[in-house]
Each structure stands twice: as C-alpha cells, then as structure tokens.
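J.: Based on the provided sequences and hints, a complete structural model is requested.
So the sequence lines, in the order shown, correspond to chains A and B.
Oh and the first sequence: position 10 is 11 in this note's numbering, straight run, nothing missing.
Oh and the second sequence: position 546 is 979 in this note's numbering, straight run, nothing missing.
Bear in mind the hints are in silico, worked out from the structure with no lab data behind them.
Note that the structure is a prediction, hence the values are computed from the model and not measured.
Cβ coordinates follow ideal geometry from the N, Cα and C atoms, glycine included.
Check before you lean on any hint, since a few could be wrong.
Beta-carbon label-pair distances, calculated as ranges [to be verified]:
#1 E1072/B <-> T278/A: 19 to 27 Å
#2 P225/A <-> H954/B: 34 to 42 Å
#3 E1107/B <-> D289/A: 32 to 40 Å
#4 R1104/B <-> T168/A: 32 to 40 Å
#5 D289/A <-> E1072/B: 18 to 26 Å
#6 Q1135/B <-> A213/A: 49 to 57 Å
#7 D1114/B <-> G59/A: 47 to 55 Å
#8 E71/A <-> D842/B: 41 to 49 Å
#9 R63/A <-> F840/B: 37 to 45 Å
#10 N246/A <-> D1114/B: 45 to 53 Å
#11 L1139/B <-> R63/A: 51 to 59 Å
So you can see what is in the structure, the chains are spelled out below.
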Amino acid sequence: MRGRIFDIQRFSIHDGPGIRTLVFLKGCPLRCLWCHNPEGINPDPELSFIPEKCIGCGYCFRACPRHAHEMIDGSHVLDRSKCTVCGACTEECYAGALELIGREVSVEEVMREVLSDRPFYETSGGGMTLSGGEPLMQIDFTEALLAAAKDVHVHCCVETCGYADFTCFERIIRYVDLFLYDVKEIDDDRHIEFTGVPTGKIIENLRRLHDAGASIRVRVPVIPGYNDREDTFRGIADLVKGLPNLEGVELMPYHHLGSDKRRRLDIDDEMPSDIQTPDDATIASWIDAFERCGVTVLNTRAEHSGAGARGRE
Amino acid sequence: MKRTDDERIGILRQRCIDRKGMVSNAERPIRRKRMWQGITISAAKSLRASERVASWQIRCGLRTRDILAEIKFEIDDLELLAGRIHPQAASDSEFEDADAYVARYLRTPGQSGHCELDLPTLFTLGVNGLRDRIDGLMADADDKRTEVYQSFLPALDGFSAMAENAAATAEAGIASAPDWRKAELREIAESCRRIAHQPPANTRDAVQLLWLAQLGAMLGDSAGLVVSGHIDRTLRPSYQADTAAGKISREQALILIESLYLLVNELIADGLAMSVMVGGRDANGDDVTNDLSYLGLEALRRTKLIYPAVGVCWHEGTPSDLTDLAIELIGHGYSTPAFFGAETIQRGLKELGAAPEHACNYINSTCVEITPVAASNVWVASPYFNLCGALMEEIDAQVDSGPVDNFEDFVAAYHRRMADRIARAVAEQNNARRLRQRFGGKPFQSVLTRDCIARGRDIDDGGAIYNWVECSFVGLANLADSLLVIEEEVFKQKNFTLSELKAMLDSDFAGNEATRLRFLHNYPKYGNACADVDHFLADTVGTLVKECGRHKMLPDGSSFVPGCFCWVMHERLGRQTRATPDGRRAGFAFADGGGGAQGREMLGPTAAILSSTSWDHSPMIGGLAYNMKFNTSLFSSPESFERLRDLVITYLRRGGFETQINVTDLETLKRAREKPEEYRDLAVRIGGYVDYFTRLSPEMQQEVMLRTEFGRE
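T.: What follows is the structure, given as structure tokens:
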C-alpha cells in the first residue's frame, strides 16, 4: 500500500497529546482562503522553488529535460508552463532551492520513521498524528497507516476537515484514539465563501462520529476579519454543546506561514493579504467569548511573565 | 535602610555586574590583576624568608600560610557573607620584583584544581580537628611524611588567619552601621571567628566555611577552579539541625546560597566555569534530594548570572518536582541548569575503578568533566585533541606517500594516527606529572583531599585517591560526517581522488560551491538518527576509548580517560583548521560535544537525541556535553515545558551523559550583538559552560547563532 505525503514532522507538540510525529498527506477537498499548508491542497507533486537559495551553479539547467530553467539577466527563472514536475532538477540542486513537494511512500516507510521516535512517545504519552491536506482523501492509505500503528500500540490522532463520506470515518474509527476535527464556520454561505464547500456534511459527520463514541477535539481556526464573529462563535458553541462527549474545543489562531509557501509553489489563487496575526490579548478575548457561551476551551492562555518574573515559590 | 530579600539580592547582583564591567568597563581586569599581583607579592616575600629551609614541601606550606594570612576582604552594607577579596594596591615595581623572584622557581605545567574538596571532613572536624589529626599522625611518621605534615600545618594556620581577617573586616564595619545592620555584621564576624578554628555550628557557618575553603585552595595553592559542588549534601547536616531546632527558615537558607553564588561571580573571571550539583543517589542507590536541592536551583532566579552552573544528577528516582523546577528555569531562559545522567556516569566511574561511595558522589569539576568528590587530583581537559585536524594530516600524508586503495585501510591509518597522538599526549602529561611531583606542592588542597593526610603525601605527589588524566576529543560529528563523504566520493563513487579532494579543501572549495553543497546536503549527517553516518561516531569513539585505555599515568598508574566536551575549543580549533570533507568551510567552528554540527540537525530534537545516544557515553568520564537550542516561542504553554522535560528524560534514559539547553531566539541574539550594553547579562550555554553572549568573540557568537534552533515557527 502506497500513498502520497508531503512531509513527516517529528517533535510535534501541538497536535494531540505528548510528543508526536505528524504525517502530512497530500490533497484536500477544501480551498480555505487562509490555508497555512497550501502545499497540501493539490494531490499531485509540486515543484517548490526558493530563488534566494539558488547559487547559480546551473546543474538544474542540464538536468531538466524540458529546459524549464533559464538564467535571465543573472537570475534563475523557472518557466512552470514547461515543467512536468518530474523532479530531475531537484536531484541536482544541492543548494536546496528546488524541492519536490509530495512523494510516494509505502506504509512501511512511513512507519519506520514514525516508530523511530517511539522512546519519546513512551516518555510523553505521544504518538502519530495524520494530517494534511486531508487524510480521508487517501482513505485506503490512511486506514493502512492507522492499522499498522495500532498493531504496534502507537497512539493515533487524525486531523480532519470532516468533508468526506461517512464510510471513511467508519473504516478508521476503531484505530483512532483522538480525532482533531476542524469546524471553521457555522453559516453555510460563509463556509462556501471561505472554503469552497458547504457545512452540511461536515456537521453531520461530526454528530455521527460523536454518537459512534469517538474521542473528538473540535478545532476552530479563528481568522481575523473572517470568522472571528460573535454569531459564528455562538453557532459553534451551540453545536458543540449538543455533543456532550467531546473532549473540548481548541481555538487555532491564524498565523501567516502559508503566504510564504504559496510563493514558493507559485500558487496564485487569491490569498487575502490583509489578515493580521492576532496578538495574545485578541486570542484571550476569543477564549473569553467561547467560555461565555458555556464551552470548554482547551487552549492555555499565553504566559506574559518572562524569566525571573515569577518570583520564588 | 533595611531591604527586602528581593531588593538586597537585586542590588548586590547589580553591584557585581558593575564591578565586573562585562562590556567595556575596564575595572574588572584591574581588580583581578591586583588580586593576583598581591598574591605574587605575598608568595615572593614568603619564599624569600624561607630560603634557608631545605625542604621545598615545607616552604610550600609556609608560602600558602603567608599568602592566605595576607588576604584582605571587603564587605559592603548589604552582603551576608564575608569573602569578597579586597585587592591590595601595590606599585608596579614591587610586583615586577616579586614576579621576577617567583619565576626562579619552576612554574610546573599541568592542570590543577577542578575538584570539590573534602568538605564533610572539614565540617566534622573543623580546622582544629584537622590539625589534631595531623599532629597525631606525625608522632609515628617517617621523615618524608613528617616533612609533608610540616607543610600541612602552616597551611591550616594560614587558613585560620584568613578567616580571622574576614571576621575583622565585618567587625570594622559595625561601629558605623545602622542598628539593623550591626546585628548582621556581628553575626558574620562571629561566624568567621568560629570557623577559623571550629567546625560550623550552623548553616550560615557552613556556607561561610565552604566559600573560604574554596578560596583557600584557589588563592593559597593557586589551584585553578575549586567548585562549590554538592551543596545539598555538604550543607545538609547543618541545615537539618537548624531546621529541626527552628533556627533557620527556607528563606534564610536561600539568601545564604544566593550570597555564595554572588561571591563566586565576584571572584571568577568570565569565560570559565563553576559548578554546583543537586540531587542524585547515595551508595545504597537512594535518592538524596532534599530542600537544599531545590534551593540550589531557586537561588538562580534572583542572582541570574553565569555562575554557578547547577547540574541536576538525574536518575529514575529523582522527584519530578526537582526535574520540573530545572525545566521551568530553562524554559524561562536560564541557561545555567543542566542535567547529568546518574546511571551512565556511575557506570563509567565504576568501570574506572571508583569505589561505590565515590561512583555515586562525583562532580562536574567545572564544565562537564567528571571527578570523584573529595578525593581527586584529576587533571581535566588535558589535552584537547583536534580530530579533524588529524584527519586532514592523514589526507596530506596519504597524498604524499600514495593513497591506500580502500576505505577500511584509510580509516585504519587514521586510527593509527590518533593512537600516536594519544601516546604523545600521555608522554607529555606524564612529564608534567613528574615535574609536579618534584616542584609542585599544594598543602591546603591536600589537607582537604582524601587520602593525602592518611598517606602523608601532597596532592601533587600522589596523595589523592584518584589521579586520572582526562582528555577531550573535539569535532566528533564533523569527523563522522567527513568520513562518510570520503567513503562515498573517493572510495565508492570515485568522483575525486584523494589528492583532488585535498586540493579542493586546501582552497576552501574555491570555485566548487556546488560540490561543497553536495558534500553538505547530499549525504546524511550525524544528528538525524541515520545509522549510515552515526556508526562512524560509535566506531571512532570505540577506537579512542581503547587507545586511551592502553596508557597509565604517573604517579600511581592511573587511567588516561577519554571525553569529548569542548569548552570553547570547538571554535578555537575550528578556526585553525582547513575546510573539511563534510562541507565545513575553513575556519568554521566544529560541532560541540556529543551533538551534531551547526545547522545539520534537520529532523528536530528527537532525531538529534537518537543520534547522540546511538553510542555508549559511559566511558566519556572526561566529559560529554550535548547542547539543545530551542526558540523562545516554543514555551508558550505549560504543555511545552512538559514536552521539554520529556525530551530531556528520554535522552537521559537512553544513556545520555549530560544535556544543556539554550532557550532563546535569533532576534534577541542579533539585537544583543548590535547593542551589547543592553544585553550585558544575557547568558548562553557554550561547550559545557555558561558565558555572557556579549563578551564572546564574534566567531563564537556566530557559532551560537548558527546552532540548529528547534521549535522555530
């Protein structure tokens, strides 16, 4: 069984309990305006190019069968219309300017890397988290990975946007110790505007998954100027209050990492450029707003004390 | 005005910083220079006066006595311990004359100090008790031992006189002090008078005596860097008695320890190291953690200077509160706490023949080199070996004489070269030992080192129980990374001959940047949990351990002990070394200690830890430091502190020797470089020690900045 991933990230400490290894599966059915993993959207491999890293050695010019790389006025220009994403140039780019995003891997290959950090899972209560992209888009691979991990008693989390056929959930529910389930907006029109898809299936799947007895943590990406609205918060609060067995709600404040990645991949769909990364006070006000609606928020508030400021105990 | 504890320590700390003048203030070197000039003058005066005494050993005792008796102290309006040296004014000609006279006596080479003294015996017997013991032994001693005892006694007299001087300094301030302060000064004076002769009567006495004993060896015997050590073991009997009697509060004990830490910073020049250790096990395997272990760490909060570095001896029975306290301090940017793997270190010490009661009671005797407490004349960092320098020499030699035709022979030749270097270093150290036996003499340190008194021998003449020489191998990761590139590029793929490789390295990859990057990026690097390269490190260490084990040190056939910590030597030796096959440019710093080279740990801290623990650390009693650096942004939640703790514990469980952690961010370091005056107390972890970032060389600052920073978003 093989699948396509775009990264494996070890020592992840924010996506499930303990020290975890995140496996990022490539391909996503949503088109969130603020996507911070844009390299996970397209299911096919992509060529990432960081011109600042290019040292002008010219090896890629020779390697490329389609002559997509050119030196124009002393700077390296990539003509993506000629590029077939064969990856030949990345093999010769020792400077790390060209990189193939997305590789075919077997379950065994992924598990070898995931299991090498096992000593850390044991100390910390961590494990593997499947993320993306959307893991359910490669349901066969996802199921195989989870089964392999469970087979050797590794704690498993799946991060999902929820936009999938419910049969996908049914296939993996017995392997998953915790779902990290995104709820981005409650209003259907706005959800379509922000993500390209309606909310119906997402909310329906959340309810069914909950009723099937899965452990779920709802995650709400909060994007200033988009869904940081009182009525959105209230709508999400009403939804989760109807799901008594949820582990709770975690707010995911927007960060701007995605814009840089878009540039490297020449993704030209309109990324709103005016979104501000929220400060600690803004995040605290969001937490307050949810708590006023009677929701358990799992976030810990940012510490403001620096070294020494805590005094003695 | 009477101050709160917070205010008092805050003011004393600031005065210490101001006196040291970390950035541009020129007073620091003058104060230190004056202190050592004064000591030279005292030594010269003493040696002149003893010219007719035939025994050099006895003259050493008189010298130590006279130096200590002339030490003068200062005490200001807030200090709670006496022990800050008053540098005595001397004219340049007086000093030059004294210096010229002292130079007639051989200044013996070799390491000194780097130990924790036998404080339990001192605290039990007091100076008078030690004198009685020596007197008793002298009755039946032969001539040689009698001579030695005759040097020990005056050294103790000198110590008593020094403690009396400290008392007098405190007394002198009483008359003009406000009422609240009079009582404090009286207490300080009484304490110093008591410990000048008697065992400590309380915790304050014990702390005061601990510091004066350190001074006695460092100044009286010119023993380099005698450490404060296991304060939670040595101060414990006094503290327990005082707490049981309701005579001391935790707060009062804390401020005494803080005062000790400040005195350490006052005395020791920046760029060196001074250690305290807390926690660990006794000979029965029981955990020794107590209140004082926590206070030893807590005292870092308000003092927040580079000294001392506080090591936690971690084992499975270490209370999680102690671990968490150290982690919390680290996460908040304190770079001084470090973790030592008790299990691994004890295994290594037992292997070297340390008795069970010594294998559990060791100190990093100053950076990370390990020596048994109270019983050691162990020379550390003697010497530092440049592993990659030897590799380059081997390449040169083979290019000259015609290269070998397979990689195994190449590696074998390199190992022979290192074996030869080790043999030569051992001969040099033994030569220094021979000279030290004849022309050394450290009577005060001897009295406080087991079994110098029982044997009637000076520490420089084999009086101590442990007389190892510990060395340090620098650049392990660069060597492993380089060997893989040589194997692949020269012997397997045959892309270059050895002489083509040499030409490229000699020219620092001029015109070959793409090749350099191929060497750097195309082959796995140590620090990423990849066995293809990690095995070179294990193989090399295995060979080095075996080679060290073939040698015996004077005077008692002790071991030559391997280590791989660097202090500042990874930068210094890197600066002297050409480009290396791992893609490292000429002059660039080598990797530090047991970790990967700068910027090469691409898979995060877990993989880096797996690499660094892929080989046996226990023989590296000469010291092994493993640096981790995390971005400040990682520590935004309580969970992130727990994850750091999990990393540290996993490292130690896997046999990690020592780990030390910088939590910082590049932006702060950049600003500190631009405006050093605003960041004069920004402390960073270097090769096993802690230093002020702004006083590092530009190259060393760059080395710190280029280390892989985990958790950066």
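J.: Now, for every hint given, state plainly whether the structure supports it.
T.: Here's how the hints hold up against the structure:
Hint check: E1072/B to T278/A, Cβ distance near 21 Å, so the stated range 19 to 27 Å holds. For P225/A paired with H954/B, a C-beta distance near 38 Å keeps the hint of 34 to 42 Å intact. For the hinted restraint 32 to 40 Å between E1107/B and D289/A, the CB-CB distance of approximately 39 Å keeps it satisfied. Distance hint for R1104/B and T168/A: a CB-CB separation of about 55 Å, inconsistent with the stated range 32 to 40 Å.
About 21 Å separates the C-beta atoms of D289/A and E1072/B, a value consistent with the hinted range of 18 to 26 Å. Judged by the Cβ atoms, the range 49 to 57 Å given for Q1135/B and A213/A holds: they are separated by roughly 56 Å. Our hint of 47 to 55 Å for D1114/B and G59/A holds, since their Cβ atoms are close to 49 Å apart. Distance hint check: the CB atoms of E71/A and D842/B are about 46 Å apart, consistent with the given range 41 to 49 Å.
At roughly 30 Å, the beta carbons of R63/A and F840/B sit outside the given window of 37 to 45 Å. Between N246/A and D1114/B the beta carbons are some 51 Å apart, a value that agrees with the proposed interval 45 to 53 Å. Under the hint 51 to 59 Å, the C-beta atoms of L1139/B and R63/A, about 32 Å apart, miss the expected range.
Of the numbered hints given earlier, the model fails hints 4, 9 and 11; all others are met.
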